[in-house]
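There are 2 protein chains.
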Amino acid sequence: MNQKKKQIIDAAQRLFIKKGFSSTSIQDILDEAEIAKGTFYNYFSSKNECLMAILELISEEIIQERIHLAYGKERDDESVFAAQMAVRFNIDKKHNLMALFSTVRGSEDKDLQAFLDKQYVMELHWVANRLKEIYGQEIDSLSYDYAIIFLGIVQQAAYVVKRTKPSIDQTEAMIQFSLNRISSLIETQSGVGNAFFHEEDFYKFLNVEEPSLDVLKQQIVETLNEINEARFPEKEYYAFIIEELQREKPRMVLLESIFLTLSKEVEGTINEGKIRKVSSLAWRLIEREKRKRLK
Amino acid sequence: MNQKKKQIIDAAQRLFIKKGFSSTSIQDILDEAEIAKGTFYNYFSSKNECLMAILELISEEIIQERIHLAYGKERDDESVFAAQMAVRFNIDKKHNLMALFSTVRGSEDKDLQAFLDKQYVMELHWVANRLKEIYGQEIDSLSYDYAIIFLGIVQQAAYVVKRTKPSIDQTEAMIQFSLNRISSLIETQSGVGNAFFHEEDFYKFLNVEEPSLDVLKQQIVETLNEINEARFPEKEYYAFIIEELQREKPRMVLLESIFLTLSKEVEGTINEGKIRKVSSLAWRLIEREKRKRLK
DNA sequence: AATAAAACTAGACTAACAGTATAAAGAAAT
DNA sequence: ATTTCTTTATACTGTTAGTCTAGTTTTATT
Numbered sequence: 471m472n473q474k475k476k477q478i479i480d481a482a483q484r485l486f487i488k489k490g491f492s493s494t495s496i497q498d499i500l501d502e503a504e505i506a507k508g509t510f511y512n513y514f515s516s517k518n519e520c521l522m523a524i525l526e527l528i529s530e531e532i533i534q535e536r537i538h539l540a541y542g543k544e545r546d547d548e549s550v551f552a553a554q555m556a557v558r559f560n561i562d563k564k565h566n567l568m569a570l571f572s573t574v575r576g577s578e579d580k581d582l583q584a585f586l587d588k589q590y591v592m593e594l595h596w597v598a599n600r601l602k603e604i605y606g607q608e609i610d611s612l613s614y615d616y617a618i619i620f621l622g623i624v625q626q627a628a629y630v631v632k633r634t635k636p637s638i639d640q641t642e643a644m645i646q647f648s649l650n651r652i653s654s655l656i657e658t659q660s661g662v663g664n665a666f667f668h669e670e671d672f673y674k675f676l677n678v679e680e681p682s683l684d685v686l687k688q689q690i691v692e693t694l695n696e697i698n699e700a701r702f703p704e705k706e707y708y709a710f711i712i713e714e715l716q717r718e719k720p721r722m723v724l725l726e727s728i729f730l731t732l733s734k735e736v737e738g739t740i741n742e743g744k745i746r747k748v749s750s751l752a753w754r755l756i757e758r759e760k761r762k763r764l765k
Numbered sequence: 471m472n473q474k475k476k477q478i479i480d481a482a483q484r485l486f487i488k489k490g491f492s493s494t495s496i497q498d499i500l501d502e503a504e505i506a507k508g509t510f511y512n513y514f515s516s517k518n519e520c521l522m523a524i525l526e527l528i529s530e531e532i533i534q535e536r537i538h539l540a541y542g543k544e545r546d547d548e549s550v551f552a553a554q555m556a557v558r559f560n561i562d563k564k565h566n567l568m569a570l571f572s573t574v575r576g577s578e579d580k581d582l583q584a585f586l587d588k589q590y591v592m593e594l595h596w597v598a599n600r601l602k603e604i605y606g607q608e609i610d611s612l613s614y615d616y617a618i619i620f621l622g623i624v625q626q627a628a629y630v631v632k633r634t635k636p637s638i639d640q641t642e643a644m645i646q647f648s649l650n651r652i653s654s655l656i657e658t659q660s661g662v663g664n665a666f667f668h669e670e671d672f673y674k675f676l677n678v679e680e681p682s683l684d685v686l687k688q689q690i691v692e693t694l695n696e697i698n699e700a701r702f703p704e705k706e707y708y709a710f711i712i713e714e715l716q717r718e719k720p721r722m723v724l725l726e727s728i729f730l731t732l733s734k735e736v737e738g739t740i741n742e743g744k745i746r747k748v749s750s751l752a753w754r755l756i757e758r759e760k761r762k763r764l765k
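These protein sequence lines are chains A and B, in that order. Just remember that the numbering used here sits 470 ahead of the position in the first sequence, which is counted from 1. Just remember that the numbering used here sits 470 ahead of the position in the second sequence, which is counted from 1.
Given that identical chains are not distinguished, each listed pair holds provided it fits within a single copy or across any two copies.
Restricting the straight-line Cα-Cα distance to at most 30 Å, the calculated cross-link-like pairs of lysine-lysine (DSSO-like) are: (1) K517 / K632; (2) K635 / K580; (3) K517 / K488; (4) K705 / K543; (5) K476 / K563; (6) K632 / K588; (7) K563 / K632; (8) K475 / K507.
No wet-lab data here; the hints were simulated from the structure. For clarity, every value in this text was computed on a predicted model and none was experimentally measured.
With these hints in hand, go ahead and build the complete structure from the sequences.
Next comes the structure, spelled out in structure tokens:
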């Protein structure tokens, strides 16, 4: 990411945390970032867009952290899932984001609304798939029902906990509470009744086709090419990844491992952002491949 | 309620529905209500306060409607509860309030936040008590857990339904879905494990003591006295209520019936608002008495 | 090194807005 | 009849988002 843009985002984030979103004026951001107004509007067309950029970064951070947590562990390990769920709350806490998110939840800005809906559905997909991995493929048709119920419990519990016991960190306990309830639900009525929610519903409302595997691959290669320059020591990684993706059956295990190393390698460098992006693309690819092979 | 105040609230509500909360300026409200700026600030110190007044009215409307639905029915009738839950969604729909509520959910205004928290906790209390009535007093210690889970499911489902199938009215189906899940949860694990949430937690965070029965009675009498003027035909009702409340053991069944008739009687008159308020106070009183007698 | 293109700065400017203040007209109460 | 409260109309202050322009600095290209 561009240095100025990063500078703006950092400043904005500091201020949003400190003063809240709506009490932070654009002028405040200009002062904090020590840039001119024109520069700001060169990168963002509004405060909302700046906010979206921040939220996107955080979202990538969450995905990244979840990958690390899962690495090397069994996919049906419930405690891994619990830890992965906790990531969102911890990162929110770290960035004091709760307030930010809710600021934005009720915005009347169409773009922002669409952006949040999209993030929400991505989370929903992820939860549904993880539940399937943990409780078995037989819950398949009900996995979205369960995902919605689970997210409902977690969010509601978080809301209440935050207001009743803001001092103590109850994140773990709260997630465990929600997990107990959802697993109790799943165990007693798996396969019973019809699903109320279906995967297809979400594609429709997101207005996106699930991208094909080939499209995903191409996006990864493209992004890699953008950063693939001789002077970087990670050059071999990039070459390998691109090569591997061309294969008939890319060895996903290898790729997963490479991305993990790579994302540590570039931590703090200029490429961090792009690698994070490419890595989250790759993760989706890997997920999809695994699912395909299960069927 | 004062005529000018009502005029302002009506205008504001129309505009909030039409244009959204944050896109409605105070000037817009002045134009719509055909009043001067000074008048507005005479009644509300900000747009937020005006909004709170609107939300409060709606909240009373919901309580009122729920009372009507329950009247004469068994307290453990699940379908009554389903209908009562639907009230909130239908009224929200009627006033196009979904947007309004979420607009406000993330506000950084302290007062507004406190106001919403309070409304939320009142809803939570109500749900917890209704669940106890429906599924038996033995779920007692867990009733807040269940209430939170239930509200979580309902809200999440509503959020998703609104985005996936905004055209069809799925309110009933969605509530039934949530009810099925919560009753399945309750039946399979009632009495098992410790409660995660407790009634006391909410008193603490609301910074309110649960008002004593006497305080409730007093509030009712006071409000009644404010409207108890000779020229109103409902004079006998008021006198009777006040008298009945003085008794050692007020006959709650009588009072409930009187309030029901009374609230119909004053519909559309100048006293409607006050009666609604007094009626919701009385309802809490009646609830409390019934609970006391069960123990 | 010269030049062209871009990114950036500083600040002026407009328009919308919240909220305060005031003076005068009108209504209600005593 | 007089006082008190409410309402109006309008002016004023101060803040904000966003546009625009003219000039400067940085970066890439030849």
